[in-house]
Amino acid sequence: MTDAPSLPLYPHRHLLGIRELSPVDIELLLDRADAAVSISRQPEKKTSTLRGRTQINLFYEASTRTQSSFELAGKRLGADVMNMSVASSSVKKGETLIDTAMTLNAMRPDILIIRHQSAGAAALLAQKVGCSVVNAGDGAHEHPTQALLDALTIRRAKGEIARLTVAICGDILHSRVARSNILLLNALGARVKVVAPSTLLPTGIAQMGVEVCATMAEGLKDADVVMMLRLQRERMAGSFVPSVREYFHYFGLDAEKLKAAKDGALVMHPGPMNRGVEIASEIADGPQSVIQEQVEMGVAVRMAVMEALLDPRRNRDRHSA
Amino acid sequence: MTVTVFQHARIVDPSRGIDETGTIIVDGKKIAAAGASALNQGVPEGAMIVDCRGKAIIPGLVDGRVFIGEPGGEHRETIASASLAAAAGGVTSIVMMPDTDPVIDNVALVEFVLRAARDTAQVNVFPAAAITKGLEGREMTEFGLMREAGAVAFTDGRRTISNALTMRRALTYARDFGAVVAHETQDRDLASSGVMNEGLYASWLGLPGIPREAETIPLERDLMLARLTRGAYHAAKISTEMSAQAVARAKGEGANVTAGVSINHLSLNENDVGEYRTFFRLSPPLRAEDDRLAMVEALRNGTVDIIVSSHDPQDVDTKRLPFADAADGAIGLETLLGAALRLYHNDEIPLIRLIEALSTAPARLFGLPGGRLSPGAPADLALVDLDEPWIVSEAGIRSRSKNTCFEGARLQGKVLQTLVSGRTVFSAQAGN
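So the sequence lines, in the order shown, correspond to chains A and B.
With numbering that gives the first Met the number 0 applied, the first sequence corresponds to residues 0 to 320, in that order.
With numbering that gives the first Met the number 0 applied, the second sequence corresponds to residues 0 to 431, in that order.
It cannot be assumed that every hint is accurate.
[Unchecked claim] Computed footprint of chain B on chain A; a stretch qualifies when at least three of its residues, placed anywhere within it, have a C-beta under 8 Å from a C-beta of chain B:
| id | region |
| --- | --- |
| 1 | 57-68 |
| 2 | 133-143 |
| 3 | 198-208 |
[Stated by the list, open to error] Selected chain A positions facing chain B (Cβ under 10 Å, derived; list incomplete):
| id | residue |
| --- | --- |
| 4 | R18 |
| 5 | I97 |
| 6 | L172 |
| 7 | R175 |
| 8 | R178 |
It is worth saying that the hints were derived from the structure and are not from the lab.
Every residue gets a Cβ at the ideal spot worked out from N, C-alpha and C, and that includes glycine.
Produce the entire structure from the sequences given, and follow the hints as far as they go.
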């Protein structure tokens, strides 16, 4: 990006969660991301900001969307990107996360992107390697780039985040997306409501800076943004909710329920969607849906994050440690 | 036999309710006299005299819950290495849990432990045997034969017996042999995949929580069965106010019930987990500060009888993992006394009550010879500077595993010398 050097220096070395970010940090990343959107819209999409830098994607959970978004972001910045396919690697032979991290670290990457099923995995990795680490989702803990891309999508559509009412609906209990979004939206001054059956709410939710609503009608009232969350298949039948049918009846987003929100409210979903479970197709593909924009913003946000972390103005002796 | 006279010491002997300055005369393997008037007969001829001014002598600690890796996990801890750690911590007797590989669930294993202890250990090691074969919660082990062989209690270690009938029969059958059944309670279904205390903190970390009820529900069941069977039941490691209340109620109704608490649950709370620090992953999980305070109160008022280290050595292969994948447990033999003395220095628990819960009460509970400084008792004791400050460091840990919750902690109260049957097994001066 041509104007990147004029932006303030980003103060963190890793992106492990939204919790560690100040509102200023968040706005800075969103400003950078805004600038990055135009790069992806040019015919010539490749820049040289990260030329010569090595990015490794270490994905312990399958994720087409996030992994390809990070890969594309790195390539558009000119970095060399390597994807570690965990399913066919030594991880399957019982190598621990830390041993894998040490091995990769010895190859001297500049940035490691990690997705792992265990909460805290990204933080653990960051303690053991000499390069920057980006958390691409760790268990039910955080998914910071998702929250940033959601915020960018909202900000571009609504102008600013402060004073907006955002309803987050669905499986809050198991959702890292919900946690990161609750933190980010609160940091930027939005009003956050959550809607879910009580079996899918974490203990202490009322102290997490949200209003807890039992019905979609209550939760979507006055909402400028409706964020739907994915309900994992294994949680549908009997364990947390009795059936898909009952879940959709009460918590699936359809045209009728969406009427409770403000006119022109944005409909968002981090994907992949379960059509007919948490969201009706007509809504997912309807005029209020910004689900495709979210995907586009995802690439921009990840470019911005990697650029900010690997800012050449920062000392470059981190490998010498 | 050699005679040693420890003079001018603060003598704390809960078995006789004594906390006074005086003299202890150790004659061979036994205590000949102890107290303010111990020198009435004068110093025996040829005795070695130790001036203990400003220091205290307590009966050696009796740790009722110690996990050791031998047999099967010697890379984590052996009986020998655990005993060195114990000696350095002023612990002169340990009750060893049966969670070994193979499990201590038959006479041969009980004998193996006693033999290994006799040949390699610096302190007294008493095996506790499994309640059920292979710790599987189904078939009862040979309580009688193992008791005769030297098992001092029966417990399924880290496991909870989910079948109420199995528990009822164990309590009933153990009664015939005068054996204590010690049980850690955690409902497997309710705890599910939980890895830390359920609450706001776990929710933000994205870690599945273990509700307090997972401990108390099976505990309430056990307490009812203890009343039904009149068996001797020991709630091995309680951590919540609800559990303390349940135990107090059962005791009030005359049930033959006792309870223990780990030093970790008296010293730490869930916030110590910080950013996924796996050394603080314990079972039961570290609870909220209110629960910790309730445990201190339960210790003070006698609802909780004993303090244990719940020493549980874990290696890097089980701890250097993401929090949810790591093993439970922390070592504790070397820090048990220092951490417990915080309660004394903070004026939360009187010293004599603290030493009772660390030594006299567990000795009585498990029918062991130590835990007292009365004439005729085995000379198992610790010479302690109650006020000396020290900082726990990994480098100084004698245990083969280093998974301590107290790394970097400032403790006050240091063991200077430990005697087991009159023999010095640890001396701070010797630097061993």
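Cross-check of the supplied hints:
1. 57-68: With 0 residues close enough to chain B, the hint is violated.
2. 133-143: Per the Cβ count (5), the hint holds.
3. 198-208: Check passed, 6 qualifying residues.
4. R18: 8 Å, holds
5. I97: At 5 Å from the nearest chain B Cβ, A:I97 passes the 10 Å test, so the hint holds.
6. L172: It holds, given that the least Cβ distance between A:L172 and chain B is near 8 Å, below 10 Å.
7. R175: At 6 Å from the nearest chain B Cβ, A:R175 passes the 10 Å test, so the hint holds.
8. R178: Where the cut-off is 10 Å and the nearest Cβ of chain B is about 6 Å from A:R178, the hint holds.
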